[in-house]
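2 protein chains.
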Amino acid sequence: MADRPVEELDWKTPLEAAHRPSLNQIAKTGINGILDPIAPGIPAGSDVATLALLGYDSVRVYSGRGALEAIGSGTKILPGDVTFRCNFATVNERGMIIDRRAGRIANEEARRLANSLQQIKLKRPSNVRFLFKSTIQHRTVFSLRGPKLSTAVSDSDPGKTGEKPQEIKPLDNSAEAKLTARIVNDLLHDFHAALKNHPLNKEREKRGLPQANIVLCRGAGTIPNIKPLAEIYDIRATCVAAAPLVKGVCKAAGMKVIEVKGATGTPQTDYISKARATVQTLKTSDFVLLHVKATDVTSHDKNPKEKVEIIEKVDGILGYLLEHTDPASTYVAVTADHTTSTATGNHEGDPVPIAITGPYVRRDDVTEYSERTCAEGGLNRIKGKDLMPTLMNLIGKTRKFGA
Amino acid sequence: MADRPVEELDWKTPLEAAHRPSLNQIAKTGINGILDPIAPGIPAGSDVATLALLGYDSVRVYSGRGALEAIGSGTKILPGDVTFRCNFATVNERGMIIDRRAGRIANEEARRLANSLQQIKLKRPSNVRFLFKSTIQHRTVFSLRGPKLSTAVSDSDPGKTGEKPQEIKPLDNSAEAKLTARIVNDLLHDFHAALKNHPLNKEREKRGLPQANIVLCRGAGTIPNIKPLAEIYDIRATCVAAAPLVKGVCKAAGMKVIEVKGATGTPQTDYISKARATVQTLKTSDFVLLHVKATDVTSHDKNPKEKVEIIEKVDGILGYLLEHTDPASTYVAVTADHTTSTATGNHEGDPVPIAITGPYVRRDDVTEYSERTCAEGGLNRIKGKDLMPTLMNLIGKTRKFGA
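Chains A and B, in that order, give the protein sequences. Going by the numbering used here, the final residue of the first sequence carries number 415, and the count climbs one at a time with no gaps. Going by the numbering used here, the final residue of the second sequence carries number 415, and the count climbs one at a time with no gaps.
Since the hints were derived computationally from the structure, they do not count as laboratory data. Nothing here was measured: the structure is a model prediction, and the numbers come from that model. A few of these clues could be false.
Where chains are identical, the list cannot tell them apart; a pair therefore holds if satisfied intra-copy or between any two copies.
As the list claims (entries may be wrong) - The list that follows gives simulated cross-link-like pairs (lysine-lysine, DSSO-like), each with its CA atoms no further than 27 Å apart:
1) Lys-273 <-> Lys-88
2) Lys-273 <-> Lys-412
3) Lys-268 <-> Lys-172
4) Lys-40 <-> Lys-208
5) Lys-24 <-> Lys-208
6) Lys-295 <-> Lys-133
7) Lys-176 <-> Lys-314
8) Lys-412 <-> Lys-181
9) Lys-40 <-> Lys-24
10) Lys-239 <-> Lys-412
11) Lys-239 <-> Lys-409
12) Lys-239 <-> Lys-176
13) Lys-135 <-> Lys-263
14) Lys-239 <-> Lys-208
15) Lys-409 <-> Lys-395
16) Lys-172 <-> Lys-135
17) Lys-263 <-> Lys-295
18) Lys-24 <-> Lys-412
19) Lys-409 <-> Lys-397
20) Lys-317 <-> Lys-218
21) Lys-135 <-> Lys-24
22) Lys-314 <-> Lys-412
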């Protein structure tokens, strides 16, 4: 949700440009501040940022994005499985990447392609198995299971168009990293060969759509070794999200993940269903994380005006929450997991706004929710990992340090 | 002193509700901010918080409350002695704790009981000695000295009424922890037997007072291994406090501790005597820590209105200090060691206000001293351990890091 001022919106941020009565209501009745997901100036991925917002020391516990996205999409992987987050993408005849998301290919088509790739046989070593599965749109999970593997390998995804996919390289001198890089390079080569000639891609070409003719991988990782929230704070914690990565982080934190009908992780998600599910879940949970992915999608697409519309829908969610929860016993905190600039299309290192309303907060003088107004609030500037202790303290779930 | 807004005070904090001309004067002529004793949202005990305010990294150096309280009360213990902070408390005939402070028993009566308990013989092992001593009201020190002891033992004090005292358990697998737990359990059993039949408790029963018929222990610890302030900053540092814990932390930091007549660590303490002693002491000290305990007492008792009165007396202390020190050569900093909520009666993780006045501070626009107004000040949000370097630098006592 957080952004920088953009020319297209008269140098307002999308948040500032949005009609946002409920966000402003939370700011007005709450305590506000700005929050660095990791540290000032450091652009955070959604994985480390969400880990931080759940109170974990991301710098220490982060073990790659792939495994988080995999468990979030319901893929059954085990601790130790080396898992990548991959995209179906489009390369031209010279091998240059021309669309990193294969035109945001539809779920059903991505599933057909993934099923084909899963049929490929890995020749050697014989004690390694792979799993390839599509999740949402172009996003896929690719995981290796075997006795001698390592997450210390580089990405094939260069992160931008106009370049060729990179060879996966071992990042240390271990035999495990070398083996893993070799297996992944071989498989990605086989995937490309299979996709190039896949009937579905011929169809897409006819329809004028970018072919999903390559798999770009990044974020080799394993399930992080973290204590469940229930154990740290003695709470029942639930997640309402559609984005597999966020669901994965929440699962890794031991949270219950609610599946909401119509929640898709896209701008077309059913916003009010998520709000309704959250209110319902609050009856049996101490803490509910409600996540909307769509603001990030429009940012990566450099579409500030659509982002404004999404923020207005998020405001609708908050209106529903404020209307259907008891203000005398409920705390509501609103923040973003990172700044994404609609000008650069990238995650940026600017802090994000944070507002917390509820019975015992020290209300401040902020009356609007935005990147700039929240910076004047009573929380001042905190770190991502400070938020969870702050919230848990408000609901009486932190332990005293010292006596 | 710091608190959250409370309904009883029209959603002001006690600090905001108090008439506080001198506190406001300090804010107005100074630089202000908010301070997290340890980190945002983490409720701090007075021990770790005071260590932090003296500039120590509490998370690293903290070694339990018991030993700090003991040396603060003038009890002679040595490095290595395993020392608990204990309360005289009241259990009913079913063994349930009904008053964790035995009606805040008077000093003289607590002393009589402690003297009786000190007569009990520890049968085995023969090379361990114990010491039992009352300090203020229900508070006592209980210390073990011997060659094979450990601080890795749990508390007998469950921290609330309506439960039975807990058995002390070893917190690791060492023979030392097991032995220590066994000795303490045996002694606490003997203490209970002696207190139940103590003539003083029969008297208290007749007077309708809760019997001090059990000893509840917590915070096994040793004297922390920290560098004296004199060595870190080349200063003469003095403490004016009555609360044994604060005196203990100051002693551990190598500070001189001044005994002030009439300073009791209770709401009935002689506020102006402490102010006078501080002014006197400043003639020969570079740094004086003046501590008032009473605000915390009224918070734990959930009495916001009495807390307002105490804050007004603290304001009187500051008025005296401002009047009797030279503003051209004196810095005055006012803060709290933690937030205590008069609503929950607990230490809470909210930050505390901080104001520093003196000749060379960068004055800001804050004109009132409170949790909320200070948050708008020029110090922004700092950590407890940042305060001492800030103050020492203002008086020219910090060393440059780097060249």
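Check: Quick one: Lys-409 to Lys-395, C-alpha cut-off 27 Å, is that within a copy, between copies, both, or neither?
Finding: Result: close both inside a copy and across copies, 19 Å intra and 22 Å inter.
Item checked: Homomeric proximity label, Lys-24 with Lys-412: Cα distance no greater than 27 Å -> Answer is between: at 25 Å across copies they meet the 27 Å cutoff, but 42 Å inside does not.
Check: Taking 27 Å as the upper bound on the Cα-Cα distance, should Lys-268 and Lys-172 be classified as within, between, both, or neither?
Finding: neither (35 Å within a copy, 31 Å between copies)
Margin query: I want to check one pair: Lys-409 and Lys-397. Are their C-alpha atoms no more than 27 Å apart within a copy, between two copies, both, or neither?
Written below: both (16 Å within a copy, 25 Å between copies)
Margin query: Checking an output row: Lys-239 and Lys-208, CA cutoff 27 Å. Within, between, both or neither?
Written below: Answer is neither: 44 Å inside a copy and 44 Å across each miss the 27 Å cutoff.
Next item on the list: If the cutoff is 27 Å on CA atoms, where do Lys-135 and Lys-263 land: within, between, both or neither? Let me know, please.
Entry: neither (33 Å within a copy, 54 Å between copies)
Next item on the list: If the cutoff is 27 Å on CA atoms, where do Lys-273 and Lys-412 land: within, between, both or neither? Let me know, please.
Entry: neither (40 Å within a copy, 33 Å between copies)
Margin query: For Lys-317 and Lys-218, with the copy left unspecified, which applies at a CA distance of at most 27 Å: within, between, both, or neither?
Written below: neither (31 Å within a copy, 78 Å between copies)
Notebook entry, point to check: Using 27 Å as the alpha-carbon threshold, which applies to Lys-40 and Lys-208: within, between, both, or neither?
Noted result: neither (55 Å within a copy, 56 Å between copies)
Next item on the list: Using 27 Å as the alpha carbon limit, work out where Lys-412 and Lys-181 are close: within a copy, between copies, both or neither.
Entry: The answer is between: 20 Å across copies meets 27 Å, while 46 Å in one copy does not.
Check: How do Lys-239 and Lys-409 come out at 27 Å by Cα distance, when the copy is not named: within, between, both, or neither?
Finding: For Lys-239 and Lys-409, the Cα distance is within 27 Å only inside one copy (16 Å; across copies 34 Å).
Item checked: Intra- versus inter-subunit Cα pairing at 27 Å for Lys-40 with Lys-24 -> both (20 Å within a copy, 16 Å between copies)
In the structure shown, a violation is registered for the earlier hints numbered 2, 3, 4, 5, 6, 12, 13, 14, 16, 20 and 21, in ascending order.
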